[in-house]
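Position chain B relative to chain S; hints supplied.
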Amino acid sequence: MVAQGAVMEPTTDSAARGRTIDERFVSVIVPVVERVDDLVTLYHSFGAALAERGNEHEFVFVFDGAYAPSAELAALSQERPNLRLLRFARTFGETAALRLGIERSRGDVLLTLPAYFQVRPEGVGALLDALDEQTDVVVASRSPRIDSWLNRLQSAAFNRMISGVTERRFHDIACGVRVLRRSAAEQLPLYGDLHRFIPAMALREGFQVVEVAVPQHPGNARTRLYGPGIYARRLLDLAAFFFLAKFTEKPLRFFGLVGSVFFAGGAITSLVLLVNRIEGQAIANRPLLLLAVLCLALGVQLMGLGLVGEIIVHLRAPHRRAYRVRERV
Amino acid sequence: MPLTHAPEPDPAPDLSVVAPLYNESQNVAPLVEWILEALSGCAGRFEVILVDDGSRDDTWSKVVAASVLDPRVHGLRLGRNVGQTAAMMAGFDHARGRVVVSLDGDLQNDPRDIPALVAKLDEGYDLVCGWRQQRQDKFLLRKVPSWVANRMIRRLTGVPITDNGCSLKAYRRELLDRISLYAEQHRFIPALSASAGARITEMPVRHHARRYGESKYGISRTVKVLVDLFTLKMITTFRSRPLLGFGTAALPLLVAAGLFAGAAVIAATQFREIKATAVVFPGAALLFGAAAFYLVMLGLVSEVALRNERESASEIPTAWEIR
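Protein chains in written order, with the numbering used here: chain S, 133 to 461; chain B, 4 to 326.
If you are wondering where the hints come from, they were derived from the structure by calculation, not from laboratory data. Keep in mind it's a predicted model, so treat the numbers as computed, not measured. Beta carbons: idealized from backbone N, C-alpha and C, even for Gly. Treat the hints with care, as some may be off.
Unchecked claim - Capping the alpha-carbon separation at 30 Å, the derived lysine-lysine pairs in BS3-like fashion look like this:
1) B:K123 <-> B:K146
2) S:K378 <-> B:K236
3) S:K378 <-> B:K227
To be verified - Short derived list, chain S residues pointing at chain B, Cβ under 8 Å:
4) G338
5) A416
6) N417
7) R418
8) L426
9) V432
10) G436
11) V440
12) H446
13) L447
14) A449
15) Y455
16) R458
17) R460
18) V461
Isolated chain S, as found in the complex:
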């Protein structure tokens, strides 16, 4: 992904590998990472919604280190071959859980669900309907929202900030309910805590993304307020995503800008001091001299860092492509 111009490995589509794509089979991936509702109910109700639509399906639950399947769920998985439970030995987070789910599932159409009722199970049909030939990723947008204004405010603020970075406005980017083609999911640069940005990332990578309104589940309406640490982390994620999206191809544009601000500040201060010295004032006892030198040094260091980044990007260029071919004739 990487900045102006998403960057990625050359495309290999399932179709190109000679496999036939089964649109009817849906792999449901559920990362169990923070909030957990009754997973047996979740399995039954979403499974029923899929079955009603005529979709064969499998469920892959990925439990992060701190969570374990209930006895009931474990027993159920013994008798249901389409229910698989995976568990990390320690905490790896949602992005890692999603990646494992993608790797261990077999369907060409993937449905990611949070481990709690975020949307009504009936709404899944609309998502799958929207996955036509021209579409790679369908993201759910909880609408109408039935939860409190505080939840909506937080959500709106987050979406607003992300929309400042992406070329298209998303209404509910953090919603964990998404439908992805395997070909797209496997090419998304998923690491760190970037799962929240999947729709924006897919767009940058040149995939076709649509947003579909899905009714919110009443269980999702409870007011949520997090500790300040969580909000700080979200902001850092956003900053990381912003940097990746804007400057991965041109690191010197960022480091050079910040560095030259410092350098210019240091240079101006030095000039002022030099003029003072010529006018006969002593500068040796002025702490301002230290500040000037510090700014100059910092400016040079930042530009040096940007340059290292620039050289890395340059030498990696033969292995990356900033485009994705959507169609050929």
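The following block gives chain B in isolation, referenced to the frame of chain S:
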């Protein structure tokens, strides 16, 4: 996905013509017609590759229509708008010809110049750049910035090409395998090719005023070009020997550190009464010294981090056989 890479029965063509298109709906059909007409007298097979760079108008359907009319016309549709450089790279990656010609999709380049460019290439060059005669663009907004940028590019890169901004160029396949363009580097193709060891020349080509659609450029681009040019100059100087480059950059900082250290010694021995002197000058010397040290360390990091990349095959310069 309807993306099937069907086996291509026709043998590889000798010449590939690549044209990136962004919102050029009206220009597609005339462009194709013009290219086919200009190349009809050519010996050898050719193909035309139209790259739709995520257009928002119906450029793609026009491309599909053109490809239906003539099997030598191929179309690529990119997932989103990625800019001219990446769109050209997409075309180059899919071009199968021994010789590849790039041109603008806006009818300002004249396809009738293609045979001459290719002939020039066969005289023993890897890259032939077009040089637009009587440019049909606005004087103040396009020509003056372009003149300034071209002069700067010539001075800094040392490649004597007059018109770096002209898209009409002919490349040998071996050269394209050696250069990887990203960001907005299509303007620096001559400079990048020169650093890959290419033999480069230029020749005059025709230039027409825009018939349909709007220009996608503005004057703000000149500043960006200059920043990119500076970056490119730094990269090409530093990339082969990063430690040497960073070491050189650290020298002035070391000198400054030395000066302040000297001043500190003088101040300490001559002017004992001012106590603050004991902090400010040594402090400044240490800061400069630390920055110099830091740059040398960055050079070391680059040496280590880039080892694999610099070993890769695309780092071998291109060369030609002497008979």
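Mind checking the CB of V440 of chain S against every CB in chain B and telling me if the closest is under 8 Å?
-> At about 5 Å, which falls below the 8 Å cut-off, the nearest Cβ of chain B leaves the hint on V440 of chain S intact, so it holds.
Interface hint for R418 of chain S, Cβ within 8 Å of any Cβ on chain B | holds (7 Å)
With a cut-off of 30 Å on the C-alpha distance, tell me whether K378 of chain S and K227 of chain B pass.
-> holds (15 Å)
When the least beta-carbon distance from A416 of chain S to chain B is tested against 8 Å, hint result = Since the shortest Cβ distance to chain B is 5 Å, the answer is holds.
Interface hint compliance - V432 of chain S to chain B, C-beta minimum distance less than 8 Å = Cβ of V432 of chain S sits 6 Å from chain B, so the hint holds.
Against chain B, is R460 of chain S within 8 Å by beta-carbon distance?
-> holds (6 Å)
Per the CB criterion, is L426 of chain S less than 8 Å away from chain B?
-> Given a least distance of 6 Å, the restraint on L426 of chain S holds.
Residue hint G436 of chain S, partner chain B, criterion CB-CB below 8 Å = G436 of chain S check passes; min Cβ-Cβ to chain B is 5 Å, inside 8 Å.
H446 of chain S as an interface hint toward chain B, with CB separation required under 8 Å | holds (5 Å)
With chain B as the partner, please determine if V461 of chain S meets the hint condition of a C-beta pair closer than 8 Å.
-> V461 of chain S check passes; min Cβ-Cβ to chain B is 4 Å, inside 8 Å.
Holds or violated: K123 of chain B with K146 of chain B, Cα cutoff 30 Å?
-> holds (27 Å)
Measuring from the C-beta of N417 of chain S to each C-beta in chain B, is the shortest one below 8 Å?
-> At 4 Å from the nearest chain B Cβ, N417 of chain S passes the 8 Å test, so the hint holds.
Checked against the numbered hints listed earlier, the structure breaks none of them; every hint is satisfied.
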